[in-house]
Amino acid sequence: MSSRYLWSKVLLYTIVIVISLWVLIPLVLIGLASFTPRHAIYQWPKPLLPNRFSAETMKFFLNAYGVLSSTLNSIWVAMLTIGFTLAIGAPAGYAIARFIFRGREAFRLGILATKMFPIPLLAIPLIVMFIKWGVYDSLLGVAFIHTAMALPFAVLITTSIFVSVPKDLEESAMTLGCSRMGAFLRVVLPLALPGLAAAAMFTFVISWNEVFAATVLTLHNRTLPAQILTSLEVSPVYFKFAGGFFMTIPAIIFMFFMRRYLLQMWGGMTAER
Amino acid sequence: MGFLRRLLRTDTLLPYWLLLPTVVYLIIFFVLPLFQAFSLSFKTDDGQLTLKYFERMVYDVGFMDALKNTFLLAIILVPLQLITALVIALLINTNFRGSRLFLYICAIPLGISDLASGLVWFSIFSEHGYLNSLLYKLGILSQPFHFLSYVHLPWTFGAILAAEHWRATAIVLVVLVAGLQMISKDYLEAAEVMGANKLQRLWYVVLPLLKPSLQAALIIRTIFAFEVFAVVIALAGNLVPVLASQSYWWYALYRNLHIAAAYGVLLMTLSVLVTWGYLRFLRTREEALR
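Protein chains in written order, with my numbering: chain B, -5 to 267; chain H, 1093 to 1382.
If you are wondering where the hints come from, they were derived from the structure by calculation, not from laboratory data.
Note that the structure is a prediction, hence the values are computed from the model and not measured.
Idealized CB from N, CA, C, for every residue including glycine.
All clues stand as given, with none of them false.
Subject to a maximum C-alpha distance of 20 Å in a straight line, what follows is the list of computed DMTMM-like cross-link-like pairs (lysine to aspartate or glutamate):
(1) H/1290 x H/1278
(2) B/109 x B/99
(3) H/1135 x H/1147
(4) B/161 x H/1103
(5) B/40 x H/1219
(6) H/1160 x H/1147
(7) H/1303 x H/1278
(8) B/40 x B/50
(9) B/126 x H/1138
(10) B/126 x H/1137
(11) H/1229 x H/1219
Derived coverage of chain H by chain B (criterion: at least 3 residues anywhere in the stretch with Cβ under 8 Å from a Cβ of chain B; other residues may be distant):
(12) 1223 to 1232
(13) 1347 to 1360
Which chain B residues face chain H? A few, computed with CB under 7 Å, are given here:
(14) 27
(15) 35
(16) 36
(17) 40
(18) 86
(19) 95
(20) 112
(21) 114
(22) 115
(23) 199
(24) 205
(25) 231
(26) 241
(27) 242
(28) 248
Taking the hints into account, I'd like the entire structure generated from these sequences.
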């Protein structure tokens, strides 16, 4: 019995390690590639591990035309998206978490139905609409569509955040003389803050990663993914390596901070159905 | 003003006020573009109804390949990812020491964009990539092999599969892990008391109860698989056309909004059909969950 137990443990951890390596090794490789000197990348046979590290490739990438400005653009767009998304979505999340009202199920169904809209279907017509509204090729325009993409998630996430704040606390505050607004600001908001921060990070990742809409809705004011995508055909391999690595860094950092909320966010979105 | 204040104060109306901004925003950015997309793809610039854009889309050289590639990718990837994710989720659900860390590691690709993951796998499959170095070290190759080129299209397709499998299994995984956590331990204990072994418990208790999550994961993953875009561009440029990349090229190269929008309409139709199909043919009993 105990040797069978031991073997099942060994088997379990072998599978776990193999799967972990499958996820991690490509990340390590792109990291190595973007710190390999440029000439070494073209070497044949190329050593598996670079014999010398250098920041030269990464520097080349960061100094390449359009990279710095598009990175700043990406950050601006993400900030705007976070602001819009939480301002619009959080009240809806609060409403679903706290009230039972006619149309609540219809609203939730509508939120889930947005998942059926492919990005080309939204982005291509928005080119026409944005030109009319004067926000084509602007960071504001890109933030608008990123907000549209993040909003359904934000509503679902904030719903589960507000559900987890006990209703009793809010009601006690109101019996003790707080208005609904006061109770929300003094009691609910502080308790919901860590969850809202995670929702903001999640929104950041959605915006930072989005490429199709950002590419077709801009000409000069590119975001970083749009800049990299449109220059792929003319860029040397080391530019692509460094670019790939650079784009994954914030994602990995944010995933680390959000790890506690992962299941709540993605799991909740479907479990509600 | 007084009327407005009264409206704002009433608790019965409050939820509707709170939902209003979201509803308005979703109408502007989902419903309006939907109508605009239909009008772009079915109407000429002077307002005549027409099918000529769809005809041009269908008879264009890239169309059949794009349709075939998109379907082939989805048909291979979705079951593969479902199985991978199910194995990982069931492992995590045994709550072994280190399972939290394992879940976090497996979820990392969730934060990585399709473009970035395409480039990550480009560093492996490119002519100057790691796979070539490894095969040289193992003595299999003496010259670099061009995995990503028009003479080795099956390899290029395989590289796209590898990148998508790596990147997008995580979303299926978190949906399934969340689903598994909602299954009450009572059912499992009852089954154990009645003499069901591990495999029987998995087959007759866990999987049926997991069906709603499986269905949700399938719907989401299939819809996203149809929209595959930047991974393909990063690894194959336009060697391997897919529906979303065709939409992109029609706009980026030819500035033809009509046909770009027609591809959008086609993708939407596929998404709706797939969702309907899964809901219709994978009926779940909601009460099983609660």
